Every structure is written in structure tokens, then in C-alpha cells.
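There are 2 protein chains.
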Amino acid sequence: MVKAKKYVIDKPFDGVPTDQNIKLVEEDLPALQDGDVLFQAVYLSVDPYMRPYLKDAKSGTPMIGEQLSKVVESKNKDYLVGSFYLVNSGWRTHTILNPSKTDVRIKPTKEYPGVPISLSLGTLGMPGATAYLGLNELLKPKAGDVVLVNAAAGAVGHVVGQVAKIAGCKVIGCASSPEKIAWLKELGFDVVFNYRTENLSALLSKEAPNGVNCYFDNVGGEFTDTVIRKHMAQFGRVAICGAISGYNATKPFMTESWSFPILFKCVTVQGFIVYANFNDQQWASAFEQMSKWIIEGKLKYREHVTNGFENMRKAFYELFSSDNIGKAIVKV
Amino acid sequence: MVKAKKYVIDKPFDGVPTDQNIKLVEEDLPALQDGDVLFQAVYLSVDPYMRPYLKDAKSGTPMIGEQLSKVVESKNKDYLVGSFYLVNSGWRTHTILNPSKTDVRIKPTKEYPGVPISLSLGTLGMPGATAYLGLNELLKPKAGDVVLVNAAAGAVGHVVGQVAKIAGCKVIGCASSPEKIAWLKELGFDVVFNYRTENLSALLSKEAPNGVNCYFDNVGGEFTDTVIRKHMAQFGRVAICGAISGYNATKPFMTESWSFPILFKCVTVQGFIVYANFNDQQWASAFEQMSKWIIEGKLKYREHVTNGFENMRKAFYELFSSDNIGKAIVKV
Numbered sequence: 376m377v378k379a380k381k382y383v384i385d386k387p388f389d390g391v392p393t394d395q396n397i398k399l400v401e402e403d404l405p406a407l408q409d410g411d412v413l414f415q416a417v418y419l420s421v422d423p424y425m426r427p428y429l430k431d432a433k434s435g436t437p438m439i440g441e442q443l444s445k446v447v448e449s450k451n452k453d454y455l456v457g458s459f460y461l462v463n464s465g466w467r468t469h470t471i472l473n474p475s476k477t478d479v480r481i482k483p484t485k486e487y488p489g490v491p492i493s494l495s496l497g498t499l500g501m502p503g504a505t506a507y508l509g510l511n512e513l514l515k516p517k518a519g520d521v522v523l524v525n526a527a528a529g530a531v532g533h534v535v536g537q538v539a540k541i542a543g544c545k546v547i548g549c550a551s552s553p554e555k556i557a558w559l560k561e562l563g564f565d566v567v568f569n570y571r572t573e574n575l576s577a578l579l580s581k582e583a584p585n586g587v588n589c590y591f592d593n594v595g596g597e598f599t600d601t602v603i604r605k606h607m608a609q610f611g612r613v614a615i616c617g618a619i620s621g622y623n624a625t626k627p628f629m630t631e632s633w634s635f636p637i638l639f640k641c642v643t644v645q646g647f648i649v650y651a652n653f654n655d656q657q658w659a660s661a662f663e664q665m666s667k668w669i670i671e672g673k674l675k676y677r678e679h680v681t682n683g684f685e686n687m688r689k690a691f692y693e694l695f696s697s698d699n700i701g702k703a704i705v706k707v
Numbered sequence: 376m377v378k379a380k381k382y383v384i385d386k387p388f389d390g391v392p393t394d395q396n397i398k399l400v401e402e403d404l405p406a407l408q409d410g411d412v413l414f415q416a417v418y419l420s421v422d423p424y425m426r427p428y429l430k431d432a433k434s435g436t437p438m439i440g441e442q443l444s445k446v447v448e449s450k451n452k453d454y455l456v457g458s459f460y461l462v463n464s465g466w467r468t469h470t471i472l473n474p475s476k477t478d479v480r481i482k483p484t485k486e487y488p489g490v491p492i493s494l495s496l497g498t499l500g501m502p503g504a505t506a507y508l509g510l511n512e513l514l515k516p517k518a519g520d521v522v523l524v525n526a527a528a529g530a531v532g533h534v535v536g537q538v539a540k541i542a543g544c545k546v547i548g549c550a551s552s553p554e555k556i557a558w559l560k561e562l563g564f565d566v567v568f569n570y571r572t573e574n575l576s577a578l579l580s581k582e583a584p585n586g587v588n589c590y591f592d593n594v595g596g597e598f599t600d601t602v603i604r605k606h607m608a609q610f611g612r613v614a615i616c617g618a619i620s621g622y623n624a625t626k627p628f629m630t631e632s633w634s635f636p637i638l639f640k641c642v643t644v645q646g647f648i649v650y651a652n653f654n655d656q657q658w659a660s661a662f663e664q665m666s667k668w669i670i671e672g673k674l675k676y677r678e679h680v681t682n683g684f685e686n687m688r689k690a691f692y693e694l695f696s697s698d699n700i701g702k703a704i705v706k707v
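Residue numbers (the numbering used here), protein chains in the order written: chain A, 376 to 707; chain B, 376 to 707.
So here's chain A without its partners, still in its complex pose:
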């Protein structure tokens, strides 16, 4: 009999997540029935969205998310032992699913020569599609546009900036440590600054004197408020991809209404969720293009790997303490 380890909500979230909120439990899995597949996690993704999506989750709710899994036992001829899948089964080591009967998303992985398979949780996975499609389909940058991205050293941000550079834009990125800033400069970002030590408004007045044309927002809160109310160009576009500054907040960020700046600058602000806004074909074309760029050395990636399923929580907390660079994943 297989024992699965999994994480569930213990005390519902309130503020910054701690070990009081998430607990590790064990579960005995049953024998496989006809059609069933046993997936074993190889890499698991931790992502900021997990916090707001579980904000009202009760005690006992499983932690959500995607994992790169290997088929270790199968009673389903379409799922061969040893093959890899992306399975949206949450924070757990082993999962039995009948693919034709479950609502859980299961996607075969595509392998690219010279590219680690774990990138299917990063640049060639959900965060990469988010960056590429959010930028190209919503912000539609033109050569010469000023593109601003925050959390620029994160899983999505570092892809946004590089794709915008390839499109011929002036890219301004924001990150929280000298190490991140150095890395983003290596990646070709034109301007990188630390929002903790530099004044955002002064920096944008200097580096984007005619305003920001495309703002890819992962952060929200005061940062976004300043950009939208004071620094967008006429006909500027904003893609709201995340709002991490507010995910653990216990009171909302208050501000002046955005009606006036949106109206008088003819700005478009678009919120999006990559699974909801874009279809399979758009995802596939994003990966086709980005995998070429990776192999050609034009698009660089970085993974922040935490070892051990028992360290999932630590990897998750680091998303909020700015202690990771690139895509955070956990290797079982």
C-alpha cells in the first residue's frame, strides 16, 4: 500500500502564512482500479496565487497547485509507467487519478533538448505562458515602448522583461535586492531599481518622462497606485497579473479612485488569469517561441530549487519574503 504525504489547511489563513496555517498529513492510498494511474510528484510548484485562492479555505482543505509527476503504476493503457505529466493535484507526493473521470487537470509534458524538464513548471509552463501571453496579447508592446514590470526577478517578471527586450522595448524592472538587480541587468533590462531604496515616482519621471506605455503588474498596492495615477502614457496599457503586496494584508490598500487617470489618459487596465484568458493554441505558440529562444540563448531562466517535500512550506513562505530568485520549485 502506498502512503501519500500531503499538505492541508490547518488554521485558516489570516495575514502572513505560517506553520500554524498549513500542516503535513499522511494518507493511505487504495489499490488502483481499472483506468487508474498513480502519479508520483517529482517537482512541485509554489506560486503566490495559492494564498488568495485559499483565503477563505476551511481547515482540512488541501493546498492547491501543479506538480510535475511521473507515472509509477498504471491500469490505463494511455498512461505509461515512467512518463511525465503536469498534474494539478495540489501539494501531495502521490496521487491516484482516473484521467477520464477526474476534473483534475492532467497535461502531458513536452521535452525540449537541452532544457530541464522542470522548466515545464516555469518558463515553459504556467508562469511563462502568463508572461508571454499577458505581455503580447494584452499589453501589445511596440518597439520603442516603455515597459514596466515589478517583481521582475520572479517567475513571471524575468520572462516579461526579456520578451519585451526582444520586442525592442525599453524595459524598466523593479526588484528587492542587489543580487536580483545584478541578475536582471545581466538579462538585458535597461533600468532596474530597488523599490525599497529608490523613489518610484522620481525614477519613472526620469526614465519614462513621456509615461509608461505597458505596465505588467505583479504587485498591486501602493506601487500600482502610483503608476496608474501618475505615470501612464496616453493610451497606456496595464495588465494586472498579480497583487502580491495585498495577498497577506489584513486591511485593504486605500487610495484615490482611478477613474480620472484612466479616463483622461485613455488607459486600459486589464486583469487576467492565464488559464481563463488564453486557449491551448495560444499556450502552445508561446512555448514554441520561447523554447526556441531558450535554445538559442536569447531567453535565460533561473530556478530556485528547494529540496525535499517536507520543505514545501518554507519554499512557499519565501515567495512573500522576497527570498527567492526566478521560479520557485520543490524537488521531492
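Worth double-checking, as some hints may not be accurate.
In silico EDC-like pairs for lysine to aspartate or glutamate, Cα to Cα no more than 16 Å straight-line [as the list claims (entries may be wrong)]:
| hint | chain 1 | residue 1 | chain 2 | residue 2 |
| --- | --- | --- | --- | --- |
| 1 | B | 626 | A | 385 |
| 2 | A | 433 | A | 385 |
| 3 | A | 380 | A | 631 |
| 4 | A | 626 | B | 631 |
Derived CB-CB ranges, DEER-like [claimed, not checked]:
| hint | chain 1 | residue 1 | chain 2 | residue 2 | range |
| --- | --- | --- | --- | --- | --- |
| 5 | B | 697 | A | 512 | 54 to 64 Å |
| 6 | B | 574 | A | 377 | 47 to 57 Å |
| 7 | B | 515 | A | 601 | 27 to 37 Å |
| 8 | A | 629 | B | 515 | 27 to 37 Å |
| 9 | B | 663 | A | 410 | 52 to 62 Å |
| 10 | A | 609 | B | 434 | 25 to 35 Å |
| 11 | A | 610 | B | 434 | 31 to 41 Å |
Hints are computed from structural coordinates only; laboratory data are not their basis. Computed from a predicted model, the values in this text were never measured in an experiment. No residue lacks a Cβ here, since even glycine has one placed at the ideal position from N, Cα and C.
Dock chain B against the given chain A, drawing on the hints supplied.
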């Protein structure tokens, strides 16, 4: 020698406009030079946008806006005496312009049989283009969508609602008096309510239980805040056309940031200015379609005519006191 009357800023705006802010002055016009045309105002438009566009205007600045003018003297073979033009020369009775040398917008009017020429300042003019193009090009309503419009009995709002009805939508309109509400029901609006006496959130929960798909916003402030934070449908679209609730405000409307509702509902919020966002061809196609509907009786209009150039200010103030229905114009 022709004497022109015109209005200029006296004391700069601060709060609700009064006669302290706008004064009537006279001006002697010079003799016409070769190429010059003397336009005489027949109808003048008053519109809410004039207030925010002049918010920082100094004493002596002319009041801005469009008028329907008749050529009364001409030294320009392309401009025949007796012909009508839309001239963006502000609040003045007489204007001398050389069309090939001026930046002032001068557009020939198009006449439609059975339709008053004054409608070129209303449904077949700027406000109509605003309604038709804002709705169709930005909100893109589909049959069955819930469309919400506020200031629905205004120059733009009553066109938005009727065009949305023609598109097969459920139209919810908001207005400030029983008379306006009765008229909007005559026009075919599905739901009309008085925001002064009914609770917006309760009404939308009942009438748009799955959320608002298209929100055409003329008002801003608390109304818009409630709609965007609580009542948009997934993938809902918002067109910010105006924010009249804030034009005379002496302090900004404070609210919770809109990042979360825009993000998690995948909402698009788009500010627009009809002259900036849409080209001549789009304007022409809007008028072609709407003039047909007017002649067929499918699209109704209403003008609120104030007589006398000396009453321009009164007509303007009424925009902010909700004392007009339909398009406000002044007949000289």
C-alpha cells in the same frame, strides 16, 4: 463692425461652477481677410467635460466647446454664406477663422431628412459617437449581456441604452428623477432606478445576479466603485466615459484599490475620449447607422434647449444639478 459676445473664465474654478467663475464679455471683430470666414453660432453645446478640462484654467481663458454655426460672411470660396458647420470655437456668438490656417476643428454638417440639424451636437454628433463607439468598440456587447449605464437620461446615456437594446442586451439604467425614469422606460430600458432612493448594490444583486457584463460609466465616484468592486461579471468590460460625480469635488473620492476585483474577475477597464480613440471613418459609420435608426423610429432622442446666449451659464450649471433630460444645447 461685428461685435462678438463670448464667455471667459473669471475666477478659476473651485467646486461647483457659479457666475463668479464665468463672465460674459464683448469683443470687436476685425474685418475679414482673404480666406477668412465669419461663423455665427446657431446652437451651442454644453457638456460636462468642459469643467475638468478647464480645472486649472486661469482668469481670461475662453470657455471651450463646440457650436453649430452658420457662415454669415465669407472671403473663402470653399465656405458659402448660409452653410452650416460644427466649429469648436468655444462659447462665443461670432468667430472669424481662416480654415486653412487655424487649429480650431471645423467640420461640415450632414443633414438627414426629418432630423433636426441641432442633433449634430447630440445623437448625430460628439455625444452620439461617444455612446455608439464606446459601447460597440470597447464594451462589445453580445445579445443577452447585462449592460449598465448611469446618467442614463443624459446626452450619452440614453443613446447607450437604446443601442444596447437594439443589440439584444438587458439594459439597466440609472437616473435621478421620476420624469427621467419614465422616459427611459418608454425608450425600452429593461430596468431603470433612481440611485438617490434605491440601493445600487441591492438592485444589481437582484437584476444582475451573474454580474454586469458591460458597464458604461459616466459618473465615477462611489457608484463606479461599487460596480467595479462588487458587481462585474467574469470577463466584464468597463468603459469610463466620464466621471461627473468628481468634476466639482474639492477632495478626491477614496476607496479600496481596484486591483483585486479587476484581477480575479479578469475585468477590463478602459478610459476613452471619443476624439482620441476613434477615427473619422468610425464616426461616420456610427452616424450612418444611427441616422437610419432615428428615421425608422428605433432610436429616439430628446433635446433640452435653453434659449438665449445669455443663458449659457444656466444651461451649463444644470448639467451638474441634474436638471436636464437628453442633450443640453443653447439656441442663440
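Structure-based check of each hint:
no.: 1; hint: 626(B) <-> 385(A); verdict: violated (45 Å)
no.: 2; hint: 433(A) <-> 385(A); verdict: holds (8 Å)
no.: 3; hint: 380(A) <-> 631(A); verdict: violated (47 Å)
no.: 4; hint: 626(A) <-> 631(B); verdict: holds (9 Å)
no.: 5; hint: 697(B) <-> 512(A): 54 to 64 Å; verdict: violated (41 Å)
no.: 6; hint: 574(B) <-> 377(A): 47 to 57 Å; verdict: holds (55 Å)
no.: 7; hint: 515(B) <-> 601(A): 27 to 37 Å; verdict: holds (31 Å)
no.: 8; hint: 629(A) <-> 515(B): 27 to 37 Å; verdict: holds (32 Å)
no.: 9; hint: 663(B) <-> 410(A): 52 to 62 Å; verdict: holds (60 Å)
no.: 10; hint: 609(A) <-> 434(B): 25 to 35 Å; verdict: holds (28 Å)
no.: 11; hint: 610(A) <-> 434(B): 31 to 41 Å; verdict: holds (33 Å)
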